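For the record, the sequence lines run as chains A and B.
Read in order, the letters of the first sequence correspond to residues 154 to 559 in our numbering.
Read in order, the letters of the second sequence correspond to residues 35 to 264 in our numbering.
Be careful, since some hints might not be right.
The calculated label-pair distances, taken between Cβ atoms and stated as ranges, are [unchecked claim]:
| # | chain 1 | residue 1 | chain 2 | residue 2 | range |
| --- | --- | --- | --- | --- | --- |
| 1 | B | G46 | A | L532 | 46 to 54 Å |
| 2 | B | R45 | A | H543 | 30 to 38 Å |
| 3 | A | L178 | B | S136 | 15 to 23 Å |
| 4 | B | E162 | A | V434 | 29 to 37 Å |
| 5 | A | T459 | B | E162 | 30 to 38 Å |
| 6 | B | F51 | A | L540 | 26 to 34 Å |
| 7 | B | T53 | A | I441 | 41 to 49 Å |
| 8 | A | G507 | B | S136 | 35 to 43 Å |
| 9 | B | T98 | A | H543 | 21 to 29 Å |
| 10 | B | S80 | A | T459 | 46 to 54 Å |
It is worth saying that the hints were derived from the structure and are not from the lab.
What you are looking at is a predicted structure, and each value in this text was computed from that prediction instead of being measured.
C-beta atoms are modelled at their ideal positions from N, C-alpha and C, and glycine is treated no differently.
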Amino acid sequence: MRLGLLRDIGGEALASVGARPGRLLLGILGTLVGIGALVMTTGLGQTASGQLASRFDEVAATHAEVEPATASGADGTERAVATLPDDSLARVSGLAGVTAAALLAPIDLDGRTIATVPLVDPSRPPSTPPAVVAASGDLLGAVGGRLQRGRMFDSGHEQRHDRVVVLGAAAAESLGVTSIDARPTLFIGGHAYAVIGILAASETRRSLESSVILPLATARAEFPGVTASTLALGVELGAGALVAHQAPIALAPSLPEVYSVSAPGEPSTFQTGLQGDLDLVFLAIGLITLLAGALGIAGTTLGGVTERTGEIGLRRALGATRGEIAGQFVAESAAVGVLGGLMGSAAGVFVVVGVSAAQGWTPVLDLALAFGAVGVGGLVGLLAGLLPSHRAARIEPAEALRTTAT
Amino acid sequence: MTGTDALIELRGVTRSFSTGGRTLEVLRGVDLTVARGDFVAITGSSGAGKSTMLNILGLLDRPTAGEYLFDGRPTAGLDDRERSGVRGGGVGFVFQSFHLLSARTVLENVLLAFVYGETGERPLPAGERRARAEEALRRVGLGSRLHAHPGTLSGGERQRVAIARAICTRPRLLLADEPTGNLDRQNSDGVLALIDELNADGLTVVVITHDDTVAGRAHRHQVLEAGRLG
């Protein structure tokens, strides 16, 4: 096909598209909604993910964890090469940039039960008790924790070895503790502990939300062999590197390498998974909407073929081949798709920016998506035009010319 | 008449259609030769096969049997592209219902003929196309209505636009199907006078009509009856 004819058919396609504003609007509307939804949902997904990422980055930048380094033993198992000193909190509290510190120690229940009533009911099915963790220091500040109810235990509780616990929200729910107003009691291995608070969430250690937390000094008195395994630190923004360097020295000046310092690990996995899920959900919504838009264009173009049967006959009489008729309808459909894509992309960007502004978020949108969406609109239009164009090309000119025209 | 004088030749052309399990023979062994510069009118009652014959002459349809030669070239073996090429470059159509695009201006409707009407490797430049379209419109008396839309024209004027569109590519054959069927007497006379003029300038004309007045303007008048040419 010569270049001039391609240009002519392209010109005819544009002229024909412009000649029917109503039909053009219908066709554009389908693509506009589809592409707009695709750009908007993907953009909002990216913005939300970006927002999450920045929140997690903030968490990572303001928290750190110190743990004893591990080495393989003779039997191949990993063992800690050091322990955290009992006065760890005092050693790191004075470091520049440290805003909070807390020791965490997992407790092995060794068969002890946890219940809110002292009775042992043999008919009750056995259940897995929540994890028990001992802590000391400013736990909330060190792990980015937030209380749902009550209060956190303090140094007074520790000094007196008070039998008090704070329940993670999930642990409280599983134990049936919904309020602390009635001063609920928790029995651990037959000993009564007063529930003084419920932890709503922890930014860096989500496992605490499903744990029973008690003062470290109390735990050491009740459970032999309790050893702190983690020193959680809250640090000032930008002081992470300095604290990471200084904390091991403060803990073991002669052998600082026996400690490793890391950013909280739990959220990054959570973050990656959440971002992936969000992107997938938004992409799916966008694609489904786009498919609906494509069907809209196909329907509109198909209607156009029926409406323009006489015109098709005329063009055939003037020398158009079947291929040229098909080409014109595909070009018209693609032009509608590009127009819809252009408007949809602009509308999508507008919504993403608007929603972000209203929420105080930083809009995140891949520019390739915004521009690529216009091309996708054209491609969708082109594909949607294939069936109608095939139908237009198959119309017999002699039959088509029987249709009355202007 | 020698073979080289003939622009179109039908030799024993038959066209039948299958409908509802039975075959309907619309044209039955039609022979017709039209010389270059001739003006032939084909008349017949409704259902006699006039439109079918025009479709075959204009390569819009194929005979079921027989042979059709256009400008000495057998058309049976031509594929869609070649037939479209012959139509676009060699045949101008005028229809009873005008077939103008209502959203386009008079000039744009005429220019449409150039989109497909050229088969050569060197298409006419846009300026030349426009010049020829304007010339054709002046010839049919519509030189001052270039930018009018068909909806604003009378029936006679619309048919003149259609004639301008048919002749602007300088075809060898003008096929007119009831060209005055939708016009009053005054407009009919004007259109027929125009066709006379074009024929006088050497354009071969075949008119399909049931109007004896129209047929009377032709050099030859043939009657199609029950699929046979008398």
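Within 41 to 49 Å or not, the Cβ separation of T53 of chain B and I441 of chain A?
holds, 45 Å
Measuring from beta carbon to beta carbon, are F51 of chain B and L540 of chain A in 26 to 34 Å?
About 27 Å separates the Cβ atoms of F51 of chain B and L540 of chain A, which means 26 to 34 Å holds.
Should the hint that L178 of chain A and S136 of chain B are 15 to 23 Å apart at their CB atoms be regarded as holding?
About 18 Å separates the Cβ atoms of L178 of chain A and S136 of chain B, which means 15 to 23 Å holds.
For E162 of chain B and V434 of chain A, compare the CB-CB distance with the range 29 to 37 Å and indicate the outcome.
violated, 58 Å
Between R45 of chain B and H543 of chain A, does the C-beta distance stay in 30 to 38 Å?
The hint (30 to 38 Å, Cβ to Cβ) holds, given that R45 of chain B and H543 of chain A are roughly 35 Å apart.
So the hint says 35 to 43 Å: do the beta-carbon atoms of G507 of chain A and S136 of chain B match that?
holds, 41 Å
Should the hint that S80 of chain B and T459 of chain A are 46 to 54 Å apart at their CB atoms be regarded as holding?
violated, 27 Å
Cβ-Cβ distance between T98 of chain B and H543 of chain A: within 21 to 29 Å?
Given a distance of about 26 Å, which is inside 21 to 29 Å, the answer is holds.
If I claimed the Cβ atoms of G46 of chain B and L532 of chain A lie 46 to 54 Å apart, would that claim hold in this structure?
At 51 Å between Cβs, range holds.
So does T459 of chain A sit 30 to 38 Å from E162 of chain B, Cβ to Cβ?
holds, 36 Å
Consistency note: the structure conflicts with the earlier hints numbered 4, 10.
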